[in-house]
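**Student:** Protein chains in written order, with our numbering: chain A, 1 to 280; chain B, 281 to 873; chain C, 874 to 1042.
The hints are simulated quantities; they were obtained by calculation from the structure and are not laboratory data.
These figures come from a predicted structure and were not determined experimentally.
Treat the hints with care, as some may be off.
[What the hints assert, rightly or not] What the simulated footprint calls covered on chain C by chain A, stretch by stretch (three residues with Cβ under 8 Å from a Cβ of chain A suffice, anywhere in the stretch; the number is not a length):
| no. | region |
| --- | --- |
| 1 | 896-904 |
| 2 | 1031-1042 |
[Stated by the list, open to error] Subject to a maximum C-alpha distance of 20 Å in a straight line, what follows is the list of computed EDC-like cross-link-like pairs (lysine to aspartate or glutamate):
| no. | chain 1 | residue 1 | chain 2 | residue 2 |
| --- | --- | --- | --- | --- |
| 3 | B | Lys418 | B | Glu379 |
| 4 | B | Lys453 | A | Asp147 |
| 5 | A | Lys20 | C | Glu897 |
| 6 | B | Lys418 | C | Asp1028 |
| 7 | B | Lys787 | B | Asp755 |
| 8 | B | Lys414 | C | Asp1030 |
| 9 | B | Lys454 | B | Glu477 |
| 10 | B | Lys534 | A | Asp147 |
| 11 | A | Lys20 | C | Asp1030 |
[Claimed, not checked] Computed spacing ranges between beta-carbons, pair by pair:
| no. | chain 1 | residue 1 | chain 2 | residue 2 | range |
| --- | --- | --- | --- | --- | --- |
| 12 | C | Leu1004 | B | Ala419 | 30 to 36 Å |
| 13 | A | Gly84 | B | Arg353 | 52 to 58 Å |
| 14 | A | Pro225 | B | Gly717 | 31 to 37 Å |
| 15 | C | Gln931 | A | Gly261 | 38 to 44 Å |
| 16 | C | Ala985 | A | Ala227 | 28 to 34 Å |
| 17 | A | Ala264 | C | Thr995 | 44 to 50 Å |
| 18 | B | Arg353 | C | Lys1023 | 54 to 60 Å |
| 19 | C | Lys1023 | B | Glu457 | 50 to 56 Å |
| 20 | B | Ala419 | C | Val1024 | 40 to 46 Å |
No residue lacks a Cβ here, since even glycine has one placed at the ideal position from N, Cα and C.
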Amino acid sequence: MNDIGVPAIFTAAQYKSNYKPIWCPGCGDFTVLSAVTKALAQVGLPPHEVAVVSGIGCSSRIPAYTTCYGFHGVHGRALAAGTGLKVARPDLTVLVAGGDGDGYSIGGNHFLHACRRNVDMTYIVMDNHVYGMTKGQASPTTEPDWDNKLSPGGTGIRAFHPLVIALASGANFVARGFSGDPNGCADLIAQAIRHPGFSFVEILSPCVTFRPEQREWKQHVKPSPVAPTDDAARAARRIMTDDGFNIGVLYAGNRNPYPLGAAAGRPRVPLDDIAAEFAL
Amino acid sequence: MGDAATKAAIAEGAAQAGFAVALAGSGGSGVMTAGTMLLEAAARAGLFGLMVRTSGPQIRGGEAAALMRLGTRQVESLDDSFDVLLAIDWLNLNRFADEIPLRPDSLVIGDVDAGEPPDFFKASGATLITLPLKKMAKAIPGSWINMVALGITGALSGIPLAALEQAVAATWKKTPEGLQANLTALRAGVDAAATVERARPFKGATSIQAGRWLISGNEAAGYGALRGGVRFVAAYPITPATELLEWMAPALAKVGGTLLQAEDELASVNMIIGASYGGVPSLTATAGPGLALMTEGIGLAVSAEVPIVVVDVMRGGPSTGIPAKSEQSDLSFAVSGLHGDAPRLVLAPTSIADCLGTTQWAVQLAEALQAPAIVLSDQLMGQSRAIIDAPADNGAVAQRLTAPANTPDYKRYRDTESGVSPMAVPGTPGTVYTADGLEHTEAGIPSSGARDHRLQLDKRERKLVRYDYGTRWADIEGDGDLAVITFGSITSAIREALARLRARGIKVRLIALRLLAPAQPRKLEAALDGVRRVLVIEQNHSAQLYRYLRSVYDLPARPASFHRPGPLPLRPGEICDAVAEWAGVQSVEKVPA
Amino acid sequence: MITPPQTLDELMAQALAIERAAAERYAEFADAMDTHNNREVAQLFRTMAGYEAKHAQQIMEEMGWVETPAMPAGVWPSFEPPESVPMEEVHYLMQPWHALQLALAAEQRAEAFFAELARVATDGPLRAAALQLQEEEREHVALVQSWIAKVPPADADWANDPDPPRYTD
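Okay, chain A solo, but in the shape it has when bound (with noise of 0.2 Å):
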């Protein structure tokens, strides 16, 4: 956790950088975009003190959307590359975010081991249960019977449970939002931000183009009617019996983070007597 000190005053739209997002208009990554930006200037961290890392697809291309250090990697490895950063630069604010395919799919044993190490980051991933950018595949959280060129009829395979992996894997802090909501987004963001350890943030955000049924989802989203818990076996329970619509922290746990910074405090021994051991 940063220790900030006294918040610095940032508008939301100091987050935003002046490139034109190529998002479907309709995309919900438009609001979660926002969303990040609110959350950025609700904790009041200068722009040049975050980064934001994201692998391949639609929802990975927003860091360079943002005003942030941005890093555009490969498929599937922001995590990793994001728990690098953070590992070896402590003092920054890191960000992950990309699209359901590119973090469960080819990312899902970075997300199972991210979520184990508890490195202090944020994930935000913007599921929208399809490849966009490859026109329109099955991802890992499109519903079984799902009609697509490359499994027609469907993938007939159990859709993945993000938010119970997650905390089957010890992620500290795990929450759901629809881009529908953006300031709903915005809080969660921000609290994500502010939690210690992995914090992980699930947004459902709508496919205009590949799955335009999910205008539905307005619908079906609701407020969570419990409040968050610490528990993880009642937040495993709660979050394994519910629609997948329930909204907001669904868990707030007290683990210990990654130990960060250890490595400053250690004393420091010269090189010259570190080649001690060779001498005879």
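With chain A held as given, fit chains B and C onto it using these hints.
**Tutor:** Same frame as chain A, now just chains B and C:
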């Protein structure tokens, strides 16, 4: 060169030149669909043709262009410039300035109400004609503007109305009233074309010819895989290979095969290794970034001697690079990108049609040699569509040397003269073995011993090197003491460039390599018999083929290189100039039509 | 259940937030339409953004505010302020008629919002102010309706794009 011969060559050049037309527009104007229909109509009218697509970064609504070339003979390369550009609107079209070269005698047709064309049109000196495209479409309720565009360009291409109408009707999926409205719009476009002065409609369409296909390189590769015997595919989507996998999903089901969507490329390569270990010929398709992930798996296939085929539809590199554009920059990686001494097969189709036969051959080779085969296709072939003669079956088919049940003293990796050992199929009694990436004895037991390592390395190399690849390893055309060596999609443009030179009496041999690894020193020596000078042509920044050839072959003194990276395709004219300069002659003008 | 404002300052802060949010949303739409070559609608959205920004400016000047006052949560009846057009309502092929219909609905929502605030207002001056705001929104509604009357209705097949989506990564 005699007059008659020159005239014939010029006529041949004109026939080759054909008719180059581009359709451009944005935001729902439907130029890609119009281009596809134009190509279909051309096919029905007895023409050959090629369509290359290009667009902006938006997923929908972006600026887009269909770049086409039609002709009376097989067309597999874009021309140096376009005869006609029809732009439904001008929005962001300057993005395509380099991709739509125009001449002073080109015709540019725009919409009366679309405002000023971008600067690059004016710079070209092309004639600008405006027609009331939008108004024409609006005047026919329920019709679309791209049908008007189709009518105009169809008429200028000399395609009979019947063929155009058939092309529209054949793909129509909506209401009958809608179809009628659009046929009316089509006809309105055809009529409007007649009013365009300075138009020189292409005369080449004939009666319908049977036995031709309209196909993309990705589809051709997929079908070639099926013909070769592939029955298992693992798939992870990546631009520009996704359509190959999407085409195979239902196609495999029709022949009793299976496609499995993988979670990533590490999974897909290991899935096909597993399936192939089980006896089923297997394939996956990817692009550069995916191939990079697959390298460990490909190495495993080398060591464990498991046949697999990996189609790499090359795109702009390195890293994420330029995903929707073509480049030939994965060659170095394909021929040498594995750790350890790991011989493998690398092939490269030379055209959209050849994607079929070469992928089919790759399946046969991989299975016969129990080794991985990388097929270097590229985005230009993969995502472009061409009208081709229905390809004959080259007969290449998977035929794995398996072990009969209860083979006495069965050793999976037994040394043989050919280097190929009988490969037991799981489920067969008496021939149980463990495949291994670890170095192993002939029996397949892990070994760190020097003799075993040497024996297996020799064996794995020998099996590839001793095999008789026949005449398919390269296309060798022409004679003379100058030779151009190349590979892949640029072969067609080079062929056309060399034809222009030939028409002027300059003879240059063409060697288009289809088998890149293992090297074929004796065959290349024979192909270069009498050749004094060699020019290597390729589409990448670091002259990868040139360096590779110099490392594995003895070439005549001072081989030269002409190379440039993507994203723009190499055109016959620029190749002609480069070859002429290298050959020491003055630049050759395009043979006039 | 909304948390109604208790003071004039709170009411005007909500009015300001509504205008600001609407301006931002229209500006975003204008950019997205420009990127997708829908110049006509881009221009229309940019004009709307300008109007909303002007309204916001007017509130700042009336109230003598230099900084934007903070807003509590839970004041809107739905996820977003009432005059913001929801993000998913736009389409890259939409026509001016559609854009104006969305603007009309936005103004109507805003009018209904202030009418509700007036209804639940606990004191006279607050109610009067809310009614004033409602009246202003009603004028905006009328204005947008007059614009709608001037543009041609949307084509029946406005959403038709024969070309499939393109992928680029």
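**Student:** Determine for every hint whether it applies to the structure shown.
**Tutor:** So, going through the hints one by one against the coordinates:
1. Counting residues of the region 896-904 of chain C whose beta carbon lies closer than 8 Å to any beta carbon of chain A gives 4, which meets the minimum of three for the stated coverage.
2. By the rule of at least three residues with a Cβ nearer than 8 Å to a Cβ of chain A, the coverage given for the region 1031-1042 of chain C holds, with 6 such residues.
3. A hinted pair counts as satisfied when its Cα atoms are at most 20 Å apart, and Lys418/B with Glu379/B does not qualify at roughly 30 Å.
4. Between Lys453/B and Asp147/A the CA atoms are separated by roughly 19 Å; this keeps the pair inside 20 Å, and the hint holds.
5. The hinted pair formed by Lys20/A and Glu897/C meets the criterion: a straight-line CA distance of about 14 Å does not exceed 20 Å.
6. For the given pair, Lys418/B sits about 10 Å from Asp1028/C by alpha-carbon distance, which is consistent with the 20 Å threshold.
7. Taken as a hint, the Lys787/B and Asp755/B pair is honoured in the structure, with Cα atoms around 16 Å apart against an allowance of 20 Å.
8. Pair hint Lys414/B plus Asp1030/C holds up; C-alpha atoms about 14 Å apart against a cutoff of 20 Å.
9. A distance of roughly 35 Å separates the Cα atoms of Lys454/B and Glu477/B; the hinted pair therefore is violated under the 20 Å criterion.
10. The straight-line distance between the Cα atoms of Lys534/B and Asp147/A is roughly 18 Å, inside the 20 Å bound, and the hint therefore holds.
11. Of the pairs offered as hints, the one joining Lys20/A and Asp1030/C is violated, with about 28 Å between alpha carbons and a cut-off of 20 Å exceeded.
12. A C-beta distance of roughly 50 Å is found between Leu1004/C and Ala419/B, which places it outside the suggested range of 30 to 36 Å.
13. For Gly84/A and Arg353/B, the Cβ-Cβ distance of about 56 Å falls inside the hinted range of 52 to 58 Å, so the restraint holds.
14. Between Pro225/A and Gly717/B, the C-beta spacing of about 53 Å breaks the proposed range 31 to 37 Å.
15. Separated by about 50 Å at the C-beta atoms, Gln931/C and Gly261/A break the suggested range of 38 to 44 Å.
16. Range check, Ala985/C to Ala227/A: about 32 Å between beta-carbon atoms, so the 28 to 34 Å window is met.
17. For Ala264/A and Thr995/C, the Cβ-Cβ distance of about 57 Å falls outside the hinted range of 44 to 50 Å, so the restraint is violated.
18. Range check, Arg353/B to Lys1023/C: Cβ separation about 56 Å, and the 54 to 60 Å hint holds.
19. For the pair Lys1023/C and Glu457/B, the beta carbons lie near 30 Å from each other, so the given range of 50 to 56 Å is not met.
20. Separation of Ala419/B from Val1024/C is about 20 Å and departs from the stated range, judged on CB atoms against 40 to 46 Å.
The structure fails hints 3, 9, 11, 12, 14, 15, 17, 19, 20 (numbered hints given earlier, in ascending order).
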